[in-house]
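Start from the sequences, fold in the hints, and give me the full structure.
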Amino acid sequence: MSLFQKQERVVQWTDLRSHIHRTIREVEDVFRGISNNLDLIDEKTKRLREDCEVLLDSAGGQNDSTKLLLQVAEVLESPMSFLNGCLDHQPRNQELMLDSQQSAGGLLQMQNDMVSSLEPLKFMLVFFKIEASQLSEENRQTFHSVAEEISHLHVLVDETFQKNIKNLQDARNAIVTAEKNTQSERKLQSKLISGKQAEIANAIKDLKQQIESNSRCSADLDQHADGFEQAIGKLVMSLQYEDIIRQRCETILRDLGRKPEEVSQCSWLVYTATQIETAAEEIRQSSNELNDGLNAIDYRAKELYRSATTMDQFENITASADGMVQILLESLESIRSMLTHSIRLSQDSRDAIQPVQTLTKELSAIVFEVSIKIQFIALNAQVRSIQVGEGSGLEVLAARTADISAELRHLGNCTASQINKLHEAIEELVGTIQSEWDDAKTQLAHVEKLAPGLEADLHKLRDSTLHSLEIVASLSQIVTSFSNEDTESLSRLVDQTDTLDQFARDLRAQANLEKLKPALRLKIEAEIDSLLNEKRGAMHTRIHNADQTQAFDLEIDKRLESRAASSKSLSCDNIELF
Amino acid sequence: MQRDSQTYKVDGDIVSTNASLHWSRIESIIQNVSENGILNLDLRASRLVDSVGLNVIVKAIKTVAARKARVRMLIGNNSLKRICTFTRLDQKAEIVGP
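Chains as they are written, first to last, in this note's numbering: chain A, 11 to 588; chain L, 8 to 105.
No wet-lab data here; the hints were simulated from the structure.
For clarity, every value in this text was computed on a predicted model and none was experimentally measured.
From the three backbone atoms N, C-alpha and C, an ideal C-beta is built for every residue, glycine too.
Treat the hints with care, since some could be wrong.
So the derived list for chain A, only partly shown, Cβ under 10 Å to chain L, looks like this [what the hints assert, rightly or not]:
1) Thr319
2) Met321
3) Gly333
4) Leu339
5) Leu471
6) Leu479
Lysine-lysine pairs mimicking DSS-like chemistry, simulated, CA-CA at most 25 Å apart [to be verified]:
7) Lys206(A) / Lys69(L)
8) Lys190(A) / Lys201(A)
9) Lys99(L) / Lys470(A)
10) Lys66(L) / Lys201(A)
11) Lys201(A) / Lys451(A)
12) Lys383(A) / Lys371(A)
13) Lys215(A) / Lys66(L)
14) Lys201(A) / Lys99(L)
15) Lys176(A) / Lys451(A)
16) Lys69(L) / Lys470(A)
17) Lys66(L) / Lys470(A)
18) Lys201(A) / Lys75(L)
19) Lys173(A) / Lys312(A)
20) Lys88(L) / Lys312(A)
21) Lys218(A) / Lys470(A)
22) Lys99(L) / Lys206(A)
23) Lys54(A) / Lys88(L)
24) Lys77(A) / Lys215(A)
25) Lys69(L) / Lys201(A)
26) Lys470(A) / Lys88(L)
27) Lys66(L) / Lys197(A)
28) Lys215(A) / Lys75(L)
29) Lys69(L) / Lys215(A)
30) Lys69(L) / Lys197(A)
31) Lys66(L) / Lys459(A)
Following this line, the structure appears as structure tokens:
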């Protein structure tokens with residue numbers, strides 16, 4: 011038989027008692043579930059707050075992350091300046107290379123001129139031999155010895171000058187190639203360095219601006235974290251309904267079957283129905299408030315997640331694909347590559363130019379030797395012509411040899427001066443290249459020593475940011491899942507209220523107040539009011555404490571304890587609900 | 008898939024311990040990406056990309072961009088998608104999924 015069959019309309023007190031017990035258990039169960047979830051969320055929120063700070067600091071480039079980012083930028087500064095210095099040397103090096111090329115070209119010409127100057131000696135050798143054949147044996151020997159010296163000189167010139175001409179041509183080509191390579195490489199390097207420098211400078215400028223603007227206003231993420239905490243605080247406050255409902259239900263249970271003798275049955279039935287209706291209303295209100303609170307938490311958690319994921323108040327976060335961490339990582343890689351390149355370039359230039367340095371020394375010695383020899387031949391020819399006497403023809407040849415010697419001496423002096431010029435240019439060039447080479451190696455060694463640690467720290471910074479993001483996301487998911495779970499459990503409470511309402515309706519029907527005479531009805535109503543007034547003073551009511559919702563440390567455990575204590579101590583001052 | 012697309016299917020996470028291996032594989036595939044072409048980075052098997060892994064992806068995007076081509080990232084889970092949004096990779100490459 012149904013509990014609420016219309017024809018009976020008599021409420022069984024045992025059924026009512028049993029349902030109220032069930033209601034208390036359901037309320038306890040639902041509130042404990044929400045409270046436990048809140049405990050967990052509270053614990054996570056503390057961690058979340060720390061991670062939001064980490065996220066803001068690392069993404070915005072503040073505090074320790076600023077130190078690291080600026081430290082890396084500082085490490086990059088020295089090699090950047092060095093490479094810029096190399097670029098500054100470039101015009102002078104280029105000038106020296108061009109001078110060397112010209113000197114080598116000039117030397118080549120002079121070598122050819124010297125060969126041309128010595129050319130007449132070949133014919134003179136024939137003349138010497140013709141003239142010698144007409145002389146006496148003794149004088150013929152004199153002629154032959156001069157001719158022999160000329161032959162030796164020719165051998166020397168043929169052997170060395172041809173080699174020199176080839177070497178000079180090779181040297182000139184090597185200088186031209188080195189100059190072209192250096193020019194194109196340095197041009198490329200110049201573009202890269204200026205690009206990198208501008209990139210780093212802009213990133214540092216953005217970072218400083220970002221730090222400055224962040225210090226002026228609190229970040230969105232921070233505000234969303236505050237909002238999230240406030241929503242949790244509000245929900246905690248809503249949990250006080252548990253005590254209110256429990257006390258109401260316990261009062262109903264206590265009164266069941268304990269009607270005072272002086273109170274009429276009708277008054278007692280209506281009084282009980284009113285208490286049950288109030289309990290049902292309190293459960294509905296608590297359910298709505300908790301539902302709103304859960305929705306607010308869910309919304310705030312989603313906002314916090316969205317804010318953490320997009321960080322949209324920052325134009326450029328340090329962890330982004332074109333953020334400070336990425337720029338510095340790429341710069342460290344680029345600077346190492348540029349320094350390695352610079353070392354190779356210096357080495358190539360040095361390898362190309364060093365043979366020219368050796369060649370200038372050799373050339374100098376050979377030109378000096380040729381000049382001395384021809385002077386010696388000319389002098390010897392003059393001495394021998396005097397010994398042989400006039401008319402031998404030797405004096406004519408000696409005079410011509412002297413002319414050639416003078417011409418060669420002049421060419422030798424010019425060559426020596428040209429060699430000196432080339433030598434000086436090459437020395438300066440080799441010195442600069444050597445110094446750049448040494449300095450580049452020192453710079454590279456320094457960067458190689460520091461870069462791995464700095465790169466590891468930069469990655470650590472970005473990983474920590476990503477990890478914090480993961481925690482924010484995970485909390486958001488937990489909150490959403492708890493929120494859904496709790497919202498579902500709240501529907502069980504609403505089911506209880508439907509049954510309670512039905513009990514109240516049946517009790518009112520049983521009292522049949524409407525059918526009483528007005529005078530008696532008034533008397534009964536006064537009696538009911540008196541009974542309800544008696545209870546009102548001893549009941550808990552909903553309190554609101556806005557300050558508590560602002561606190562960061564929600565201290566849910568303490569709040570639960572204080573709620574338990576308040577259920578014993580609250581007085582009739584709090585009579586908002588009844 | 009378009010005709011002028013190249014695909015690199017990542018077989019797991021891209022983290023510091025295997026990033027250089029992934030980069031060497033990606034780099035060789037990039038050589039075949041034509042102008043206006045697409046490099047598909049299939050990350051559906053990846054659950055995690057750390058900072059070093061991110062570096063590899065950014066390098067791939069930049070190298071591909073230098074060839075006047077673009078990168079499409081196929082994502083299989085929310086965590087990776089979140090990283091793409093957070094690091095603004097979604098502004099540098101096309102993100103598909105999850």
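Here is what the structure says about each hint:
no. : hint                  : result
1   : Thr319                : 5 Å, holds
2   : Met321                : 7 Å, holds
3   : Gly333                : 8 Å, holds
4   : Leu339                : 6 Å, holds
5   : Leu471                : 8 Å, holds
6   : Leu479                : 6 Å, holds
7   : Lys206(A) / Lys69(L)  : 15 Å, holds
8   : Lys190(A) / Lys201(A) : 17 Å, holds
9   : Lys99(L) / Lys470(A)  : 23 Å, holds
10  : Lys66(L) / Lys201(A)  : 20 Å, holds
11  : Lys201(A) / Lys451(A) : 22 Å, holds
12  : Lys383(A) / Lys371(A) : 19 Å, holds
13  : Lys215(A) / Lys66(L)  : 24 Å, holds
14  : Lys201(A) / Lys99(L)  : 24 Å, holds
15  : Lys176(A) / Lys451(A) : 34 Å, violated
16  : Lys69(L) / Lys470(A)  : 23 Å, holds
17  : Lys66(L) / Lys470(A)  : 19 Å, holds
18  : Lys201(A) / Lys75(L)  : 20 Å, holds
19  : Lys173(A) / Lys312(A) : 84 Å, violated
20  : Lys88(L) / Lys312(A)  : 16 Å, holds
21  : Lys218(A) / Lys470(A) : 21 Å, holds
22  : Lys99(L) / Lys206(A)  : 20 Å, holds
23  : Lys54(A) / Lys88(L)   : 23 Å, holds
24  : Lys77(A) / Lys215(A)  : 14 Å, holds
25  : Lys69(L) / Lys201(A)  : 18 Å, holds
26  : Lys470(A) / Lys88(L)  : 20 Å, holds
27  : Lys66(L) / Lys197(A)  : 24 Å, holds
28  : Lys215(A) / Lys75(L)  : 29 Å, violated
29  : Lys69(L) / Lys215(A)  : 23 Å, holds
30  : Lys69(L) / Lys197(A)  : 22 Å, holds
31  : Lys66(L) / Lys459(A)  : 23 Å, holds
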